[in-house]
Amino acid sequence: MTNRRLMKRVAGMSYVSPPWLAVATAAFVAGCGGGEGGNPQTPNEARLQVARSGDLVAYFKAKIAQRVALGYPGTAITVPTVGGLSSAGSVVTHTGAQLAGAAVEEDGLIQAEGAMLYGLHRAYATDTGREPPRLTAQARAADGSLASVGRATLDAKFIPQGFYVAGGGTRAAVLSQQDPYADRQPVVAADGASITVVPEYSRMLSLDLFAVSKDMAPAQLKQMRIDGLLVGSRLIGNTLYLVTTWSPDLTRFTVPAGASASAVQAALKDLNTAALIPTLRVDGGQPQPLVNEADCLVQAGNASLSLQLTSITAIDLTSSSLARTSRCFAGGSEAVHLGARSVYVASSRQYRYGGDVVNAVFPADSRTDIHKFSFRGAQVDYDASGAVDGHLGWDLRRMPSRLNEYQSDLRVLTFTGKTGQSGMPPVSIQAQQASPALLTVLRDSGRDNHLSPQAKLPIRLRTARGDQQIDNLFFAGTRAYATPFATTEPVWVLDLANPANPTVAGELAAGGHADHLVPLPGGLLLGVGKDSAQGGVADGIQLAVFDVRNPAQGKRLATQTAGGRGSITTLDSTRPVLNLQAVDGKVRIAFPARVYQAPTGVGTPPPVRGYQGALRLEVNTTTGALAQRSMVVSTAILNGDTPGLVSRFDIANERSLQVDNLAYQLSGGQVFAKAGD
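Residue 189 in the working numbering sits at position 183 of the sequence shown, with consecutive numbering throughout.
Some hints could be false.
Quick list of in silico lysine-lysine cross-link-like pairs, DSSO-like style, CA-CA up to 27 angstroms [what the hints assert, rightly or not]: (1) K275 x K67; (2) K592 x K561; (3) K680 x K592; (4) K680 x K220; (5) K163 x K228.
Here are the simulated distance ranges between beta carbons [unchecked claim]: (6) I83 x S380: 30 to 38 angstroms; (7) Q439 x K275: 28 to 36 angstroms; (8) D415 x D133: 51 to 59 angstroms.
Hint data in this document are derived by calculation from the structure and do not stem from the laboratory.
All C-beta atoms, glycine included, are put in the ideal place defined by N, C-alpha and C.
Construct the complete structure from the given sequences, taking the supplied hints into account.
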């Protein structure tokens, strides 16, 4: 195959093994593990190379030529399709006493700093107009009540994503993404018919830095605008690390599909590095390159045809000029994982074109490359690369959760089947056969920039109903929990304590309680899910506590149900967030929820009414007892409410925070407080 291009098209998808790509084939390790130190004589094909002068232009020209040869417009803007973000603590934030597995600081929408509480609010429509996005500062009294100190209005053309407080509580850094619908005027045809306007993807990120302190309204110090999409961020000390992707606008270099090689060369003769590199502007000044070509890395084996750069930038938030350094990776990125002090970027050896991942058919020899970058103060360094068998699956939402760093090892879940199941509509999960999975443990070998395999664990979820494909994998330190698509099936418990010999240690009868699994102290596990036994419609929020101290004999200790049919939580969002607090042998959990009342009585039911706010739980880590605490209600919700109210109280934009015996809920442009139970 090395002298021939292989292309497969399935439902609009294309997979290309370019002629210049040598696909590495690794030996499959049978059984439940086995060390793989790596052969020092085998070249590391995944390794990245530092770009020399002209390398970026050459790389993009090669990709454009390949696109044209395959019948695609050569320089059309390609929307970066990085599968969201996975990080060490993106699903859980911690306050109070440290819990096992607590991560370094991540961005949020609400944060307490001493006697102050800061909230980041998105824009929403009102009866008289539109409330703009803003950063609010409120003083917290001893009883937990809040008094407004001031607010800073943000640019309405940007959508707030999160913020950090740094500099000992003297700086607040707000991250916002350009609103793709801002300034887009409706288009009306000559006959008066309406035309749907499809906006471009957001092409700019905003970093707004504010001075903050006790009893002081936020005062803006600096503003930085960066080309690209925000993939993830991390604050370590006073250094902010940003991961962004950028697809340059090359449409002025018109290269039609099917153009000859000479036509391609002529069209691209004026293409230069400046046209490819993302830029930034500080306080509206002249554009500067975000990264220099010498700080970029390329990999000939990356088979993606996306015209894309992924940048990792370190910014000193205490610097008067927002001093920064950046590195970049040239090539299509499928998923990004943020560890405590590192970033892992996944790229494919087989190209997937377009967004219809559900219907994809992968080559039998699929390989995925993983590239590690490390945070070292004001520097971002490239450390190592490695390859794993298989691909990250058919669900963009799940791709980031397939990677997890623990104690400097990276665990990666891949799928080895050509086709498989996906819960993404419109394809039913029964439409495809279940794909086998493979868990690989990678470690930086310290030579040849190599992430070398330590072990491989083939995983088949066998049940009475046949093989089940892994839907999600929840990593929890030395454990991982694999959930299947069929929620009535058990959860498989993986023992990862020995990186050289991971094993399937047991099964856990979790039923409808395993949509989201959260490790708790004392060997406990919290499960949150839905019981969909009646017609596939969820009947309330299902809660359970499991004892998993013995992974081979896990057992359910307690269950609860919150609300009735139609109730939802932020755990159903693309970036689920809980807030955990350890207090005197107990763990208190809070997360945004919309809880509908269960219907009662007979006859014609009344309109279904519910309440939105912070759902609060308490788990006794000694006995496993589970109790619901009183909800912090932010608003009443009625089925059939106006779209404006539903938009204002979009549960995906809400956050819960616990401080001492107080709970706060950021909801609908306000912060609500509640003390005690």
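Comparing the hints with the structure gives:
no. : hint                            : result
1   : K275 x K67                      : 10 angstroms, holds
2   : K592 x K561                     : 19 angstroms, holds
3   : K680 x K592                     : 19 angstroms, holds
4   : K680 x K220                     : 22 angstroms, holds
5   : K163 x K228                     : 18 angstroms, holds
6   : I83 x S380: 30 to 38 angstroms  : 31 angstroms, holds
7   : Q439 x K275: 28 to 36 angstroms : 49 angstroms, violated
8   : D415 x D133: 51 to 59 angstroms : 55 angstroms, holds
Checked against the numbered hints given earlier, this structure breaks only hint 7.
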